[in-house]
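Asker: For reference, the chains in residue letters:
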Amino acid sequence: MNQQMFKHIFILTGLVCVLLACKAPTDADITKPAWELTQTSTNGLFKVRLRCQHLPSVGSFQDCQLELTDGSGKAIHGANIKLDGGMPKHGHGLPTAPVVSPLAAQGHYKIEGLQYNMPGAWLLGLLIKTPAGQDKLVFSFEISNLE
Amino acid sequence: MRPIVALICCVSLSFSLNSCAEPTCPTANPWTPQAWGLIQSLALDALPAVSDASNRYLSNPQAVQLGSELFFDQRLSANGQVSCASCHQPEKFFSDGLTTAQAIETGTRNTPSLLGVAWNQWFFWDGRKDSLWSQALSPLEDPKEHNLARTAVVKLVLTDPQYQQKYQALFGASPSTAEMAAWPTDARPSGSIAQIQAWKALSAQQRTSIDTQFANLGKMIAAYVASLKPPLSRFDQYVAALKAGKSDSKLTPLELEGLRLFIDPKQQCLNCHSGPLFTNQSFHSIGTGEMGRDTGRAAILDQIRFDRFNCLGEFSDASPADCTKLQYMQRNRHQLIGAYKTPSLRNVGQTAPYFHHGKQATLADVLDHYINSSEIKAGRADLTAIVLTEAEKQALIAFLNTLNIE
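Chain order of the listed sequences is A and B. Position one of the first sequence corresponds to residue 1 (the numbering used here), numbered consecutively onward. Position one of the second sequence corresponds to residue 148 (the numbering used here), numbered consecutively onward.
Check before you lean on any hint, since a few could be wrong.
[As the list claims (entries may be wrong)] With a cut-off of at most 25 Å between alpha-carbon atoms, the simulated BS3-like pairs for lysine-lysine come out as follows: (1) B:Lys524 to A:Lys89; (2) B:Lys540 to B:Lys413; (3) B:Lys313 to B:Lys413; (4) A:Lys89 to A:Lys129; (5) B:Lys376 to B:Lys524; (6) A:Lys32 to A:Lys89; (7) A:Lys47 to A:Lys74; (8) B:Lys313 to B:Lys302; (9) A:Lys110 to A:Lys74; (10) B:Lys472 to A:Lys82; (11) B:Lys472 to A:Lys110; (12) B:Lys393 to A:Lys89.
Calculated from the structure, these hints are not laboratory results.
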């Protein structure tokens, strides 16, 4: 391999790295979440950490991820996770139909299409299915109308 | 204490400026930081620039001009007497003042004002369209509105020498006269059996060509409508003055009391009527749906997804990544029964009657609905009944009227 070819490979590798770094923000790990909640599922099968880039707010799509582990803290990959939610005091659900899908990192999942349309008390429910079993949990939180 | 502080300010200013006209006198902000934050979020200067990735002509001045001409053209109707402006009348703030729209026939929904409508995320009361240009196409073919077949609309515009020239300047070459001559005049994908048969007799290529021109007409009309921005109201002037530290005398004490009530969580107004257009762009049941007759958003969920002219369709200028609201729209019918889009409250005092069916004649009637509705009291709505004294009602109405165009 001559020096010129080595230089080309080096540049190409650098370019690929730059392109990978520019992926959609939802695929990047949220390293410094502005807001997070952790909860154990109803029957104790799973522990879920909900991490969001920003405080929950009305109107815009939320940039959030989930981290799923079992009772011993081991990351669980390949789970089927359904997400729904709503405002119990108002009797309505989410304005959108969010989707949860796995990320490359073990036990990490991204949430796409999550939106809130009112300030106040919200619930987010997860139904988690894995070969080992299924369980559910509900996050409960408040959205301020000033965030 | 506050009047004394204001007086001291005035006196000190009068010393430095040699006069103190009230409007320029610095005034202490009477609101708590939280309330002031909410009030500022409602002001028109918080409105972002208008945008629609699915319409690359939205802000094109030539498209605005041609769209304006199409908007007022009565030839675009079966009887030659109906234009977009028949219901969206400029002198009535681009609405019509009627209970429900009246064009070729009487419609079933109240005509909304178009001032600021381009900032909406969904269009029509049930949001069955996801863009302004796609919305603009529906009335042209609707039997109760313009009732003109798709081929007739496209032929009429593209064979008009003036339109043709402007159209070609914008979109490049249009179908030739010979090509258009081969199209039947009365063909459309929905309508009478004869009209549908005529549409299906066209080749796929012909149908796509017609739909392409049809979509372009919608994009031009949308460009014109997007130019209809909501003007500043007295409320906006009040916020601007207070931000600048000037006198807050733009609103009367009664109007200010109404504003206080409006942002008070107890009244629930701000739950839905938030942001600079006073709408959360969402769909809610307020107890006005009619089971079996008009179930609002629940009835049209599939229609949006399979609409040929939606954001993900071949006539959209958007990339799929720009169509997230369509991609993740709520599809649960049960959740959306009787739900309608939260309307903007800008200029609300001048655009009566109210609600999707136009059955509430005055703002007082609207408030009475929220206080007395049996549907709301029975828990079949997205809010609980509100409680207001007669004086509070008057204050709220006074505030709502500060959102009017002067």
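Asker: So if I understand the rule, the pair passes when the alpha-carbon distance is 25 Å or less; does B:Lys313 with B:Lys413 pass?
Answerer: Between B:Lys313 and B:Lys413 the Cα gap is close to 54 Å, so the pair fails against 25 Å, i.e. violated.
Asker: Check the hint pairing A:Lys110 with A:Lys74 against an upper bound of 25 Å on the C-alpha distance.
Answerer: holds, 18 Å
Asker: Would the pair B:Lys524 and A:Lys89 pass a check requiring their Cα atoms to be no farther apart than 25 Å?
Answerer: Measuring from Cα to Cα gives roughly 13 Å; hence the hint holds.
Asker: So if I understand the rule, the pair passes when the alpha-carbon distance is 25 Å or less; does B:Lys376 with B:Lys524 pass?
Answerer: violated, 37 Å
Asker: For the pair we were handed, A:Lys47 and A:Lys74, check the Cα-Cα distance against 25 Å.
Answerer: With Cα atoms ~10 Å apart, A:Lys47 and A:Lys74 stay inside 25 Å; holds.
Asker: With a cut-off of 25 Å on the C-alpha distance, tell me whether B:Lys540 and B:Lys413 pass.
Answerer: The given pair, whose Cα atoms are some 14 Å apart, holds under the 25 Å limit.
Asker: Hint check: A:Lys89 vs A:Lys129, CA-CA at most 25 Å. Holds or violated?
Answerer: violated, 28 Å
Asker: Just to be careful, I want the Cα atoms of B:Lys393 and A:Lys89 compared with a cutoff of 25 Å; is the pair within it?
Answerer: The hint is violated at about 40 Å.
Asker: Verify the proposed pairing of B:Lys472 with A:Lys110, using a straight-line Cα cut of 25 Å.
Answerer: Holds, because 17 Å separates the two Cα atoms, which is no more than 25 Å.
Asker: Run the distance test for B:Lys472 versus A:Lys82: straight-line Cα separation, threshold 25 Å.
Answerer: This hinted pair holds, its Cα atoms lying about 19 Å apart.
Asker: For the pair supplied as a hint, A:Lys32 and A:Lys89, confirm whether the alpha-carbon distance does not exceed 25 Å.
Answerer: Not OK: A:Lys32 and A:Lys89 at ~32 Å, beyond 25 Å, violated.
Asker: If you draw a straight line from the CA of B:Lys313 to the CA of B:Lys302, is it 25 Å or shorter?
Answerer: Distance ~15 Å between B:Lys313 and B:Lys302 Cα, so the pair holds.
In terms of the numbered hints stated before, the structure departs from hints 3, 4, 5, 6 and 12, listed from lowest to highest.
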